[in-house]
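Undergrad: Here is what each chain is made of, one letter per residue.
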Amino acid sequence: MVAAGWGSEGVDETQERRLIARWQAGERDALEALFHTHCDRAYGLAHRLTGSHADADDVLQDAWLRAVRGLSQFDGRARFGTWFYSILLRVAADHARRRRRRAAVESLTEAPEAQAPAAGADPSERAAAGELKDALQQAIRALPVKQRAALVLVAFEGMSYAEAAKVMDCSDGTLAWRVAEARRRLADKLAPYLDKAGGADHAM
Amino acid sequence: MRCEDARVHISREIDGELPAGKREAMQRHVEQCADCARFAEQCRAIGSLMADSEVHAPDAAYRAELLRRVREAAAEQAGRKELRPRAQRVLSYLAAAACVLLFVCVVIQQGRIAHLRAEISHLRTIGAGPVVELQDFGAIARVSAVLPVGVPEQAEAFRMLSDYFQGGLKWLVQDGRQSELGVAGDISLAAATAGTALRAEIRLVRVEGGGEARVISAPTLTIVSGEEASFSLAATDGLGPGQFRYRCAARRTERGRVLLAVALEVNPPAGGEPARLWGLAELHEGQWLPVAYTQMGDASYLLLVGSSSEPPAGREEPGT
Numbered sequence: 001m002v003a004a005g006w007g008s009e010g011v012d013e014t015q016e017r018r019l020i021a022r023w024q025a026g027e028r029d030a031l032e033a034l035f036h037t038h039c040d041r042a043y044g045l046a047h048r049l050t051g052s053h054a055d056a057d058d059v060l061q062d063a064w065l066r067a068v069r070g071l072s073q074f075d076g077r078a079r080f081g082t083w084f085y086s087i088l089l090r091v092a093a094d095h096a097r098r099r100r101r102r103a104a105v106e107s108l109t110e111a112p113e114a115q116a117p118a119a120g121a122d123p124s125e126r127a128a129a130g131e132l133k134d135a136l137q138q139a140i141r142a143l144p145v146k147q148r149a150a151l152v153l154v155a156f157e158g159m160s161y162a163e164a165a166k167v168m169d170c171s172d173g174t175l176a177w178r179v180a181e182a183r184r185r186l187a188d189k190l191a192p193y194l195d196k197a198g199g200a201d202h203a204m
Numbered sequence: 205m206r207c208e209d210a211r212v213h214i215s216r217e218i219d220g221e222l223p224a225g226k227r228e229a230m231q232r233h234v235e236q237c238a239d240c241a242r243f244a245e246q247c248r249a250i251g252s253l254m255a256d257s258e259v260h261a262p263d264a265a266y267r268a269e270l271l272r273r274v275r276e277a278a279a280e281q282a283g284r285k286e287l288r289p290r291a292q293r294v295l296s297y298l299a300a301a302a303c304v305l306l307f308v309c310v311v312i313q314q315g316r317i318a319h320l321r322a323e324i325s326h327l328r329t330i331g332a333g334p335v336v337e338l339q340d341f342g343a344i345a346r347v348s349a350v351l352p353v354g355v356p357e358q359a360e361a362f363r364m365l366s367d368y369f370q371g372g373l374k375w376l377v378q379d380g381r382q383s384e385l386g387v388a389g390d391i392s393l394a395a396a397t398a399g400t401a402l403r404a405e406i407r408l409v410r411v412e413g414g415g416e417a418r419v420i421s422a423p424t425l426t427i428v429s430g431e432e433a434s435f436s437l438a439a440t441d442g443l444g445p446g447q448f449r450y451r452c453a454a455r456r457t458e459r460g461r462v463l464l465a466v467a468l469e470v471n472p473p474a475g476g477e478p479a480r481l482w483g484l485a486e487l488h489e490g491q492w493l494p495v496a497y498t499q500m501g502d503a504s505y506l507l508l509v510g511s512s513s514e515p516p517a518g519r520e521e522p523g524t
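Chains Y and A, in that order, are what the protein sequence lines are.
FYI, the numbering for the first sequence is 1 to 204, going by this note's numbering.
FYI, the numbering for the second sequence is 205 to 524, going by this note's numbering.
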């Protein structure tokens, strides 16, 4: 049952600490309140990091499981959201690694006589040609994990650099570099669409 | 100002995170540098695209379903000391009259091994003895399990075991043939036939430039007396470079020994030709023999084979 007032607008820090304390003391309803506060945003983040509902669901479930198992040790120095989203990022990164590995292993076992194993899932899937938004999604998925996470947190989730740096456990400078580098890679990949100049070679 | 720094400033400004004092210097650079001016334009265009992009939000049904699963996890966490019914069922199969040995190779990511060790220790403390063993090689662990043969529900038991380890089981080695683990059809195990089943173990060790050695893969192969066994299996090193693939063939020699041929392809991480290691070894029980060695980049790979014999429980070991 959703307690009135715990919407996705968020709860203030004091209320949050009380919820966590109640959960650590074993009150199950407190978990639900935390869940509802962060559900939508966490889903949006997971979807942007993974690119599909199914993968976002896997990542979310795993992240919540880890949070549930780890909450008894949560010391409250960070806000719950910061802590939870950093778990989510780690889970998404693990998930991406597993997917690449599974794709490679499956391709090997399906064709044991193949000359060479697949080099891992190609991050840029075949796209509907010329569709800029698709190209954007693929380009984002092709970003290195940390740069993708940094860009998603800042540009999609609207986090401040300070907040995003806490989630990613890095300095403000590192975060700024990752976001800028992500943009540079996107600009390179999307230049043929954006510039309409065409023809130029863009290094990845 | 270097372009690399200018790009960071441009990016910061888009996010409203550029300190006022840096703005002037950045603007001066952009006025003078066509590339950075272009970058700024592209970022603005990308920003509009991103602002227009779909917002992903869960529907109420999904939210409720996810909450249900989260609640279950929380309840399970709270009641962790209780014996889970699923474990009991798995054990009832494991404890049934078992006369065969089944080897199951598991590839587990770092971080899950501690969890798996806890699960196995939990299984042990509630009965049935050391029927499940975990060997931890660092990033990869191997679980060996005993399952009965001929039990009608053995496929079900297999699937439960797989579920129990949360899908971490990857390969089933049976009759010397490897296959992806799924709901098994006929599970006829090597040691179910007459004679001694010989288990060959292969270890692939990677030695880093600094000398640190680590076993990164350890498949096993079961060889049945009188039969030629061959299999190919694939493994991916989760720690580091590339992927590798084995092919093995085994044969009993006239003297009753087992000759094992192993060929291994290792793909370098940065692409290029795979390195190949291959060699022959006559297996001697309880001994590890180096079979092949190669260097790739700043790491070396060493292939070892060893063996142990696993007579079926309850049977006399026949003469070879």
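Hints are computed from structural coordinates only; laboratory data are not their basis.
None of the values given here were measured: they were computed from a predicted structure.
There could be a bad hint or two in this list.
To be verified - Keeping only pairs whose Cα atoms sit at most 35 Å apart, straight-line, the calculated DSBU-like set for lysine-lysine is: (1) Y:146 - Y:133; (2) A:226 - Y:133; (3) Y:146 - A:226.
Undergrad: The structure should be examined with respect to each hint, and the outcome stated for every one.
TA: Hint check results:
Restraint check for residue 146 of chain Y and residue 133 of chain Y: the C-alpha separation of about 22 Å stays at or below 35 Å, so the hint holds. Restraint check: the Cα-Cα separation between residue 226 of chain A and residue 133 of chain Y comes to about 33 Å, which is no more than 35 Å; the hinted pair holds. Note on residue 146 of chain Y and residue 226 of chain A: the hinted pairing holds, with a Cα-Cα distance of about 26 Å set against a maximum of 35 Å.
Hint compliance for this structure: no hint is broken.
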